[in-house]
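Mind docking chain H on chain F? Use the hints.
There are 2 protein chains.
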Amino acid sequence: LLHGCIQGQHNQPVVKYAEVLFSNNCSPFIYATKNKVSSEREILQNLLAQPKLDGILVEGTKTALPNPNLDLYRRLQKRGIPLVFFNGNYRDLDDALFVLDDNYGGGYQLVDYLHNKGHTRIAGIFKSDDIQGHQRYFGYISALRDIGLPIDDNHVLWYTTENKDALLSGVVQWQEQLEATLSGCTAVVCYNDEIASLLIQSLLRMGYKIPKDMAVVSFDNSRYSYIAPVQITSLSHGKYNVGRIASEILVRLLAGEPCQSQFVPWELVEKESS
Amino acid sequence: LLHGCIQGQHNQPVVKYAEVLFSNNCSPFIYATKNKVSSEREILQNLLAQPKLDGILVEGTKTALPNPNLDLYRRLQKRGIPLVFFNGNYRDLDDALFVLDDNYGGGYQLVDYLHNKGHTRIAGIFKSDDIQGHQRYFGYISALRDIGLPIDDNHVLWYTTENKDALLSGVVQWQEQLEATLSGCTAVVCYNDEIASLLIQSLLRMGYKIPKDMAVVSFDNSRYSYIAPVQITSLSHGKYNVGRIASEILVRLLAGEPCQSQFVPWELVEKESS
Chain F
4 LLHGCIQGQH
14 NQPVVKYAEV
24 LFSNNCSPFI
34 YATKNKVSSE
44 REILQNLLAQ
54 PKLDGILVEG
64 TKTALPNPNL
74 DLYRRLQKRG
84 IPLVFFNGNY
94 RDLDDALFVL
104 DDNYGGGYQL
114 VDYLHNKGHT
124 RIAGIFKSDD
134 IQGHQRYFGY
144 ISALRDIGLP
154 IDDNHVLWYT
164 TENKDALLSG
174 VVQWQEQLEA
184 TLSGCTAVVC
194 YNDEIASLLI
204 QSLLRMGYKI
214 PKDMAVVSFD
224 NSRYSYIAPV
234 QITSLSHGKY
244 NVGRIASEIL
254 VRLLAGEPCQ
264 SQFVPWELVE
274 KESS
Chain H
4 LLHGCIQGQH
14 NQPVVKYAEV
24 LFSNNCSPFI
34 YATKNKVSSE
44 REILQNLLAQ
54 PKLDGILVEG
64 TKTALPNPNL
74 DLYRRLQKRG
84 IPLVFFNGNY
94 RDLDDALFVL
104 DDNYGGGYQL
114 VDYLHNKGHT
124 RIAGIFKSDD
134 IQGHQRYFGY
144 ISALRDIGLP
154 IDDNHVLWYT
164 TENKDALLSG
174 VVQWQEQLEA
184 TLSGCTAVVC
194 YNDEIASLLI
204 QSLLRMGYKI
214 PKDMAVVSFD
224 NSRYSYIAPV
234 QITSLSHGKY
244 NVGRIASEIL
254 VRLLAGEPCQ
264 SQFVPWELVE
274 KESS
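First to last, the sequence lines map onto chains F and H. Quick note: the first sequence uses my numbering, first residue 4, plus one each step. Quick note: the second sequence uses my numbering, first residue 4, plus one each step.
So here's chain F without its partners, still in its complex pose (with noise of 0.2 Å):
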């Protein structure tokens, strides 16, 4: 019996993980954080509690923050627990194991490919709070420095798990900041393709045409880059599955087999948006 936890934001991964457990006639249970150090430090505190728990995968919480809760991971590790990471890990909590996306390399990977269409002023959107937001503006910045583009913070726009959705929402005081972070630039590189469709619906309504005065790409692949008004050229996570891999070193790892952990290449779809 496997008393797995999957702490997920992303219902895709979710249904991986789970595929993977039951077909390990694992039973996991699925807690989800949405993301909140507070929500995260409740359900470790549940499953410390519990008598039977053989392992746990966790997407970390706000993991470009130091994390309140690193005590209660320390205390399932020192019971034995294994803990695996995906998505994002804690810095601080450096000898559990992780699976996560090549997130600097893509970054890096997205604009040399808009500057090989020609490209030069190329503008970011990121997440402040999750790693994976950092590794990708780290991966963006060194590519524009590696290739000698011109690199401005000001075309550099930040958002977080709590403001995220006044900026979906494309309430008025965003658009100023849009603007602002477009200024100049032909083309721009998106967090993920949830931001990457908003940000197009937005610039349509500004009288946009898309790629030809913005080209927009970004990261997942997800069904958004497939709804948004105009396709979205995205970076895959292909066949290479982080959650599927997670829980397959999890299983391994209850099976007493030796694992490590990975970074996922990526796979570019290019589509309509670039």
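Source of the hints: derived by calculation from the structure; they are not laboratory data. The model shown is predicted, which means the values in this text are computed figures rather than measured ones. Honestly, I wouldn't trust all of these hints.
Straight-line distance between alpha carbons at most 30 Å, and here's what the computed BS3-like set of lysine-lysine pairs gives [said to hold, decoys possible]:
#1 H:Lys37 / H:Lys167
#2 H:Lys120 / F:Lys39
#3 H:Lys55 / H:Lys81
#4 H:Lys167 / F:Lys120
#5 F:Lys167 / H:Lys167
#6 F:Lys167 / H:Lys37
#7 F:Lys167 / H:Lys39
#8 H:Lys167 / F:Lys39
#9 F:Lys37 / H:Lys167
Chain H in isolation, oriented as in the chain F frame:
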């Protein structure tokens, strides 16, 4: 002759560095990064082209984010040019000396102080791109956890170097986010006096009485804390000015003396806002 370079965001510390350096027969050159990695890169390239450069005092740029300019800092280090970081340093350049305020301890101390005053619902407003913001947040949320006060991610508001001006100008869009953040709280810890004084102006406009309806505390004990409509309870750098200490360390390094990094304690200065 010292070709020390001083990169500063704040005027008052710069004066302190200059005092120390001039009094040691140094001729400091002062460069302003404006907390932009683009400006930082230009300045560092400029410095690398200078044949005579004895040492550099650096206030790190956007230190909570991965930095694309570490290649240039490493080139300076390879030339044997001493670097001393103050206010904020780079995690990935961990062999460089630093002088930092005890930002974690400060955040912790402010929550403890507010709790002793009877507050139990305490919000926070922090800067997301500087390591000081992360560490002040970490002290704040760790104190809430240790004291047993409720933690709620919705009571934390993050801003950046680039959107600070929108926040400071008190534009309507932020009003809503502020109200949502402070909803149900009786006290708030602010990243610094500049933001705290803006917040107080907004709260007064909204009809709040301070500290009766909302206690406000912050960091720096700067002139903002004295000229605000309600004088602000704030943590003071006291006689331990990180800029002065960093300058002294640089002078001692150049004289061949052994030196080590330091965290500098705060002193609470209670005024009218709490």
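Quick rundown of the hints versus the structure:
1. With a CA separation close to 13 Å, the supplied pair Lys37 of chain H and Lys167 of chain H stays within the 30 Å bound.
2. Between Lys120 of chain H and Lys39 of chain F, the direct Cα distance comes to roughly 27 Å. Compliance with the 30 Å bound is thereby established for this hinted pair.
3. With a C-alpha separation of about 15 Å, the suggested pairing of Lys55 of chain H with Lys81 of chain H holds against the 30 Å cut-off.
4. Of the pairs offered as hints, the one joining Lys167 of chain H and Lys120 of chain F is violated, with about 34 Å between alpha carbons and a cut-off of 30 Å exceeded.
5. A C-alpha spacing of about 17 Å is found between Lys167 of chain F and Lys167 of chain H, which places the hinted pair at or below 30 Å, so the restraint holds.
6. With a C-alpha separation of about 27 Å, the suggested pairing of Lys167 of chain F with Lys37 of chain H holds against the 30 Å cut-off.
7. At roughly 24 Å between alpha-carbon atoms, Lys167 of chain F and Lys39 of chain H fall within 30 Å of each other, so this suggested pair holds.
8. Between Lys167 of chain H and Lys39 of chain F, the direct Cα distance comes to roughly 24 Å. Compliance with the 30 Å bound is thereby established for this hinted pair.
9. Taking the CA atoms of Lys37 of chain F and Lys167 of chain H, the gap is about 27 Å. The hint holds against a cut of 30 Å.
Checked against the numbered hints above, the structure breaks only hint 4 and satisfies the rest.
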